[in-house]
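*Asks:* Turn these sequences into a full structure, and let the hints steer you where they fit.
Under the working numbering, residues 249 to 667 are what the first sequence spells out, in order.
Derived by calculation from the structure, the hints in this document are not laboratory data. Any given hint could be a false lead.
What the hints assert, rightly or not - Pairs of lysine-lysine, PhoX-like flavour, derived with a Cα cap of 20 Å: (1) Lys648 x Lys619; (2) Lys312 x Lys300; (3) Lys573 x Lys619; (4) Lys436 x Lys456; (5) Lys426 x Lys465; (6) Lys648 x Lys573; (7) Lys456 x Lys520; (8) Lys588 x Lys638; (9) Lys638 x Lys653; (10) Lys312 x Lys256; (11) Lys615 x Lys645; (12) Lys520 x Lys401; (13) Lys436 x Lys465; (14) Lys573 x Lys623; (15) Lys648 x Lys623; (16) Lys623 x Lys645; (17) Lys573 x Lys402; (18) Lys619 x Lys588; (19) Lys588 x Lys615; (20) Lys520 x Lys402; (21) Lys402 x Lys456; (22) Lys426 x Lys436; (23) Lys520 x Lys406; (24) Lys645 x Lys619; (25) Lys573 x Lys645; (26) Lys465 x Lys434.
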Amino acid sequence: MSKLQAPKGVSEYFPPRSQYFELVRETLIQSARTAGYSLMELPVFEDTELFKRGVGESTDVVSKEMYTFEDRGGRSITLRPEGTAGVMRSVIENNLDKLSLPIKVWYSGAFFRAERPQAGRYRQFYQVGIEAIGLNDPEIDFEVIAVADRAFKKLGLKSYRLEITSLGDAQSRASHRKDLVAYISKLKLDEGTVARAALNPLRLFDDKRPEIQDAMKDAPLLLDYLSAESAESFAKVQELLTAANIAFTINPRMVRGLDYYTGTTFEFVSDKLGAQSGIGGGGRYDGLMAELGGNDLSGIGFGLGVDRVLLACEAEGLFDTSENKSDLDIFIIALSASEKSFVSNLINQLRDKGVSCDMAYGDRALKGAMKSADKSGARYSAVIGSDEIKSGNLALKDMKTGESKEVRISTLTAEFKTN
RNA sequence: GUGGUCGUAGCUCAGCUGGUAGAGCACUCGGUUGUGGUCCGAGAUGUCGCGGGUUCGAGCCCCGUCGAUCACCCCA
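*Replies:* So, in structure tokens, the structure goes:
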């Protein structure tokens, strides 16, 4: 008999670390809210067809990483491997694009990919993403990138870089692809690599093996094939980033794993994380909405990996784990069993008024109870015995300074109002 | 999916060439009458990931399995 354990490759967050997970996620979301994005809460499973058509059957994500199963009604269901396809489906289904454009939404939640796990690569992982749908303005491209960058800076992240490129429009890609395929056909490659190149020749740019990188050294770059329009738009995005003091490098060899990307494409990479270093990425996706049966609207968005951003923050030592972080205003101790119900009642009333508080449960001696007060991280503590109940006063002790002052129990709430 | 490394108390780890387990931190209690964080003392804790095998005997050897981890692949 084996003991129960979590399925392979899932990440779990519990105290005390969960507070940092929450902080990271909230900071990412807050940045989106600040820029006018609204919540989109979507199902974690969708019709398998959505991802096949949206993400692309040639991608690894769809061809070998999806959690697909049949439900009891015989439908093929897939646990969402990414967020954009679901958002587009919902936008189309609910006619959101009939309202004013762009539609700006954010989402947050769990995503699923059946990969071999590794630090920073989980089978269930968390993303915060935004989508701006309906307009193709370089200003929006800039906005999306800036929302991500602002969140990272707010968290205090420093050791990361932004890489951008443009995948151009359909015409740009078609003419480049022709030359690239011709170039690759002259290379001596192993079978698997040839197969990958056949699906998407751009993928070879991303191969980390030195011999492939060497072979691709002189390959034609998509950036050199950009149409005048695409080039102009890409230049504008760079101009806006520069003006906003957002450092970036142009990486003409950057490849994204999802097939729907077009135009401006970007990736945030931490250099503290080893192999799974992408902490977020995104890009424009012309044609995705039409492919899914909607109007032919352009869109751009990103997905940020909450797990990885957390890992990056920890690697940069941004969280002081030595300090007791807590929202508690006060921790109250009943001196003996006879005062326990009085204290229980008191903290219940304090909570009604919005004061966050806790009490010493169990039958610990005063010393032990003080220890739990200390560990709770509460700002103040108070002991209540028969004297306090008789006089109606208690000694409010500041846990940082050790000083205490007399306060009437009936007006205790007032002590915390100002905070 | 491919290859490598690892898996011992809640945590971090030690355990010599096989003789049935330890340290630090954390935890609980105490250092006389109602106040924590330092100090001192005492105490509890493990089916040594799981299942087989070799052996008189295995935490140490072999096989399998589960999980983690590193790289590839891929990506958040």
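*Asks:* All the hints need checking, so say for each whether the structure fits it.
*Replies:* These are the hints, each one checked on the structure:
Only pairs whose Cα atoms come within 20 Å are accepted, and Lys648 paired with Lys619 is accepted, the gap being roughly 14 Å. With a C-alpha separation of about 11 Å, the suggested pair Lys312 and Lys300 falls inside the 20 Å cut-off, and the hint holds. With a CA separation close to 16 Å, the supplied pair Lys573 and Lys619 stays within the 20 Å bound. Using a Cα cut-off of 20 Å, the hinted pair Lys436 and Lys456 holds, with the two alpha carbons roughly 16 Å apart.
Pair hint Lys426 plus Lys465 holds up; C-alpha atoms about 17 Å apart against a cutoff of 20 Å. Between the alpha carbons of Lys648 and Lys573 the distance comes to roughly 13 Å, so the proposed pair stays at or under 20 Å and holds. Straight-line distance between C-alpha atoms of Lys456 and Lys520 comes to about 18 Å, which keeps the hinted pair within the 20 Å bound. As the CA atoms of Lys588 and Lys638 are separated by approximately 15 Å, the hinted pair is consistent with the 20 Å bound.
For a cut-off of 20 Å, the pair hint linking Lys638 to Lys653 stands: about 17 Å separates their Cα positions. The hinted pair formed by Lys312 and Lys256 meets the criterion: a straight-line CA distance of about 17 Å does not exceed 20 Å. For the proposed pair Lys615 and Lys645, the alpha carbon gap of about 15 Å is at most 20 Å, so the pair holds. Distance check on the hinted pair: Lys520 and Lys401 sit about 16 Å apart at the alpha-carbon level, within 20 Å; holds.
As the CA atoms of Lys436 and Lys465 are separated by approximately 14 Å, the hinted pair is consistent with the 20 Å bound. Between the alpha carbons of Lys573 and Lys623 the distance comes to roughly 10 Å, so the proposed pair stays at or under 20 Å and holds. Taken as a hint, the Lys648 and Lys623 pair is honoured in the structure, with Cα atoms around 12 Å apart against an allowance of 20 Å. For a cut-off of 20 Å, the pair hint linking Lys623 to Lys645 stands: about 15 Å separates their Cα positions.
In summary, the hint linking Lys573 to Lys402 is supported, as the alpha carbons are separated by about 19 Å, within the 20 Å threshold. Of the supplied pair hints, the one linking Lys619 and Lys588 holds, its CA atoms being roughly 18 Å apart against a limit of 20 Å. Taking the CA atoms of Lys588 and Lys615, the gap is about 16 Å. The hint holds against a cut of 20 Å. About 18 Å separates the Cα atoms of Lys520 and Lys402, which keeps this hinted pair within 20 Å; it holds.
Using a Cα cut-off of 20 Å, the hinted pair Lys402 and Lys456 is violated, with the two alpha carbons roughly 32 Å apart. A hinted pair counts as satisfied when its Cα atoms are at most 20 Å apart, and Lys426 with Lys436 qualifies at roughly 18 Å. At roughly 10 Å between alpha-carbon atoms, Lys520 and Lys406 fall within 20 Å of each other, so this suggested pair holds. Straight-line distance between C-alpha atoms of Lys645 and Lys619 comes to about 14 Å, which keeps the hinted pair within the 20 Å bound.
The hinted pair formed by Lys573 and Lys645 meets the criterion: a straight-line CA distance of about 18 Å does not exceed 20 Å. Restraint check for Lys465 and Lys434: satisfied, since their Cα atoms lie roughly 13 Å apart, inside the 20 Å limit.
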